[in-house]
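*Asks:* As a plain string of letters, each chain reads:
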Amino acid sequence: MPQTIDDGRRAGVSSVADLDGFAARFAALPERLNGDAGLLRRGRYLNATCQFDIGGASVLLRIIDGRIAELQRNPSATPSADFAIIGEPAIWRRFLAADPPPGDHDLFAFLKRKELRVVGDLHPLMSHLLYWKGVLAHLRDTVR
Amino acid sequence: MNAPIEPVVGRYVHIDYAGRPYRLYFESAGDGIPLVCLHTAGADGRQYRGLMNSAAVTGRYRVIAFDMPWHGKSSPPAGWQDEEYRLTADDYTGLIMAVIDALGLDRPVVMGCSIGGRVVLHLALRHPRAFRALIGLESSAHVDPYYDTGWLHRPDVHGGEVAAGAVSGLVAPQAPAADCWETLWHYMQSGPGVFKGDLYFYGIDGDVRADIHRIDTARCPLYLLTGEYDYSCTPEDTLAVARAVPGAQVTIMKQLGHFPMSENPALFLSYLEPVLADIAARG
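Just so you know, the sequences run in chain order A and B. Residue numbers are given in numbering that gives the first Met the number 0: position 10 of the first sequence equals residue 9, and the series is strictly consecutive. Residue numbers are given in numbering that gives the first Met the number 0: position 130 of the second sequence equals residue 129, and the series is strictly consecutive.
Next up, chain B with everything else stripped away, as it sits in the complex (with noise of 0.2 angstroms):
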């Protein structure tokens, strides 16, 4: 037998996060730069599967795709029968940095997409000089939010099916079918209430509107790369944060939407390859 086999490995790290254990999965590939990537809303790290493919890109980054608790292999902790999930802007940057802290990594270079894509502006403020350089995708300093989350999660609808539906067109319609389905997929495997527990920060608790002038690019470098077909935070959306963010750099992508490394990641590379030479040649 000769079946390709990748060069991703999966494996478990436990971390303990505000007094309570977790066992989170994460899948890495390639050698160098740190590169963390960050998963959308309701989904988990295989949205990354093109990334850690990428000999381009994994001949010097090592790229590490976690799963957030709740989400993909990685289970909530226990008691989680119990409560209601809901993801706030102080969880989301302390998980971050305590997987940051448990893998050992140094000073990474942090990309994140959708809710990713807003935390590393989070990130930015709370830890400037943790970071090589950070990377939002889809990025947006507040979204209004544009239909009722309560759909989301309710007994009588498929909180996977509606979650499906509901981020069906965000992907550009030049996606290639067979990833533009395979991202649906990952919503449609979602927990119950994940989805609408992450959108809590999308919509609410990460508003990070009054803060985002005091970014200072000059210790954090910030990139910005945001699809043209995105109705969710918008082209406009990530150009406001560059406007408000001295030395951020803006790409807006062609025939791309809301989850460009999952929905289309030959055409992805092609725009985020450059800003990664960029962030290697800085050393």
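So that you can see chain A by itself, here it is in the shape it has in the complex (with noise of 0.2 angstroms):
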């Protein structure tokens, strides 16, 4: 059973509540993320919470200071976060996939075929523009 800080449906884990096979990567998200000196250093100002969307489901990660305070899967049918990034699930399988060939290794790639999207308030993402690509780099299946 995938650990996380918090489920906002907690009961009844359908493929939805599951993330289409995701959930393993985001509970392994804090013990990564929070183990990498250099990235919580290039982070140590940001302080700024992202939603994935993935298809139908969502994930609420919430950096204080750079590190994770809060991961919050299926959050509320109205949650608040700076900004998104959004796919469908074959299309974040892509991206998370260990050695992704050409065109599938980084996110500006699925942003200029307008597969991903990132909406909202792009401050925080682009001012810690290489904070969030390794934090997507930690969701991969091998960390380059």
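Rather than coming from a laboratory, the hints here were simulated on the basis of the structure. Cβ atoms here follow ideal geometry from the backbone N, Cα and C, with glycine treated the same way.
Cut-off 27 angstroms, straight-line C-alpha distance, at most; resulting in silico cross-link-like pairs (BS3-like, lysine-lysine): (1) B/Lys253 / A/Lys132; (2) A/Lys113 / B/Lys253; (3) A/Lys113 / A/Lys132; (4) B/Lys253 / A/Lys111; (5) A/Lys111 / A/Lys132.
Pairwise CB distance ranges, derived in the manner of DEER restraints: (6) B/Glu82 / A/His122: 24 to 30 angstroms; (7) B/Ala276 / A/Ala97: 35 to 41 angstroms; (8) A/Arg139 / B/Arg22: 43 to 49 angstroms.
Selected chain A positions facing chain B (Cβ under 8 angstroms, derived; list incomplete): (9) Pro101; (10) Gly102; (11) His104; (12) Leu106; (13) Phe107.
Join the two chains into one complex using the hints; note that each chain is given alone, in its own frame.
*Replies:* Right under this line is the structure:
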């Protein structure tokens, strides 16, 4: 059973609540990210909440001073985030694959093809772009 | 002390362009056919450090890399503080020709990457008899902007860090970590607004789609090399140029991205050396 800091649904883990198989990746994220000293230094002034939308499921990731303060799976119907990264499960699956092929290896490649979208206040994303790319790398099966 | 000293020599050349004086930094190494190397947007001539230290290249080519004004060790012209830097096709081609003239280079080979890969297409159209050959790395006729370049120059976002973040994924995953991060360091060192100003040429003013069919490779051979991991100038973008320009020779490079000469110099040289041999054999 994937461990999360909070699960808005708690009971009745469905395929949606299980984030189409991505729950384990997010559950492992705090330990991986908080153990990455270089990334923590890069994000030390960052305070922001990012929402990952995977089809009909969501994860809220709240960062305080570069560390994961909260990871909420399937939050309430009215989640509050600074920005969201939105895509269908099949797209996320390609993006998070180990050793992705050319064109599937970077967030901006998916944005360019409009397969992933970012919406909201992009300042926390763009001001800490290398940090967020590092977070996404930790969601991958293997970290470069 | 027997510390290694590279054969690379750096000097400054003074030119006048469009009525303004410029003091431009350039590095060179080797002897033989002049090979002028053009760096990418928001970077500088250090990207060609691998080429300058390759005896296989410098044995028959004089490799020259100059920093464009506003880049690297080439300062902006006097009065820059009251201007917004924007690179245009006219100024880019004009500055390159002015440097070639100032250095007294006779029919050099010009090799450029990204914006440099684009401008060689402009050079082929405007000055087809001036070059022994042209080499476009990550060369496209046009690229649609895919993010708001306004983020690259604003006081509440570190311009160097966002520029590095914007291009980091353009480096192939197989690049050695040291070369990857050195490539990104060059971006982090870029002056305020310079990367954004270069992208004006890349995304807007340098669009050459309507004209590339007029490039005559019989007068000026054209070689195109693009990394498979480049999603800015994609292999398909380069192949589209090749389809429009009869005689253009294309290589899609495995395990390389948008900065082949800088992100993985050794692997890039394995692709470049046959091209340089071909050019040298043409005489």
